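So the number in the working numbering is just where the residue sits in the sequence shown, counting from 1, plus 193.
The set of hints was computed from the structure by calculation and includes no laboratory data. This one's a predicted model, so the numbers in the text were calculated from it and none came from an experiment. In this text, a Cβ means the ideal position worked out from N, Cα and C, and glycines have one as well. Don't take every hint at face value.
[Said to hold, decoys possible] Simulated DEER-style distance windows between Cβ atoms:
#1 Ala-245 <-> Gly-225: 39 to 47 Å
#2 Val-216 <-> Glu-238: 17 to 25 Å
#3 Leu-239 <-> Ala-196: 23 to 31 Å
#4 Gly-237 <-> Val-216: 16 to 24 Å
#5 Gly-237 <-> Leu-202: 15 to 23 Å
#6 Ala-244 <-> Ala-215: 27 to 35 Å
#7 Gly-201 <-> Ala-242: 15 to 23 Å
#8 Gly-217 <-> Leu-239: 14 to 22 Å
#9 Leu-248 <-> Gly-217: 28 to 36 Å
#10 Thr-219 <-> Leu-239: 32 to 40 Å
#11 Ala-235 <-> Glu-200: 17 to 25 Å
#12 Ser-250 <-> Val-216: 36 to 44 Å
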Amino acid sequence: MRADTSEGLGVFGVALDPVREAVGETRIRRDGSRAVVYVVPADGELPIARAAMELLSGA
194 MRADTSEGLG
204 VFGVALDPVR
214 EAVGETRIRR
224 DGSRAVVYVV
234 PADGELPIAR
244 AAMELLSGA
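Whole structure, please, built from the sequences with the hints as guidance.
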């Protein structure tokens with residue numbers, strides 16, 4: 194997914210390392226990449242679940 198979303202960013206020096214990404218490293222830039230790329234974990238499902246519970250409970 195990250196490879197798809199970063200496609201076309203090579204002009205800015207972005208080059209991802211699929212091996213680093215696959216093993217779960219935080220820094221996933223390819224050696225020689227001009228840009229440093231980090232994975233920032235996010236828990237986007239939690240706020241959505243809370244909002245759904247609030248809506249369903251009528252609060």
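The hints, checked one at a time:
For Ala-245 and Gly-225, the Cβ-Cβ distance of about 44 Å falls inside the hinted range of 39 to 47 Å, so the restraint holds. Between Val-216 and Glu-238 the C-beta distance comes to about 23 Å, which sits within the given range of 17 to 25 Å. The hinted window of 23 to 31 Å between Leu-239 and Ala-196 holds, with their beta carbons roughly 26 Å apart. For Gly-237 and Val-216, the Cβ-Cβ distance of about 23 Å falls inside the hinted range of 16 to 24 Å, so the restraint holds.
A hinted range of 15 to 23 Å holds for the C-beta pair Gly-237 and Leu-202, which are about 22 Å apart. Remark: the range hint 27 to 35 Å for Ala-244 to Ala-215 is upheld by a beta-carbon distance near 32 Å. The hinted window of 15 to 23 Å between Gly-201 and Ala-242 is violated, with their beta carbons roughly 33 Å apart. Separated by about 20 Å at the C-beta atoms, Gly-217 and Leu-239 satisfy the suggested range of 14 to 22 Å.
Take Leu-248 and Gly-217: their Cβ atoms lie about 34 Å apart, and the range 28 to 36 Å holds. For Thr-219 and Leu-239, the Cβ-Cβ distance of about 20 Å falls outside the hinted range of 32 to 40 Å, so the restraint is violated. Checked against the hint of 17 to 25 Å, the C-beta distance between Ala-235 and Glu-200 comes to roughly 21 Å, which is consistent with it. Evaluation of the 36 to 44 Å hint for Ser-250 and Val-216 yields a pass: the beta carbon distance comes to about 41 Å.
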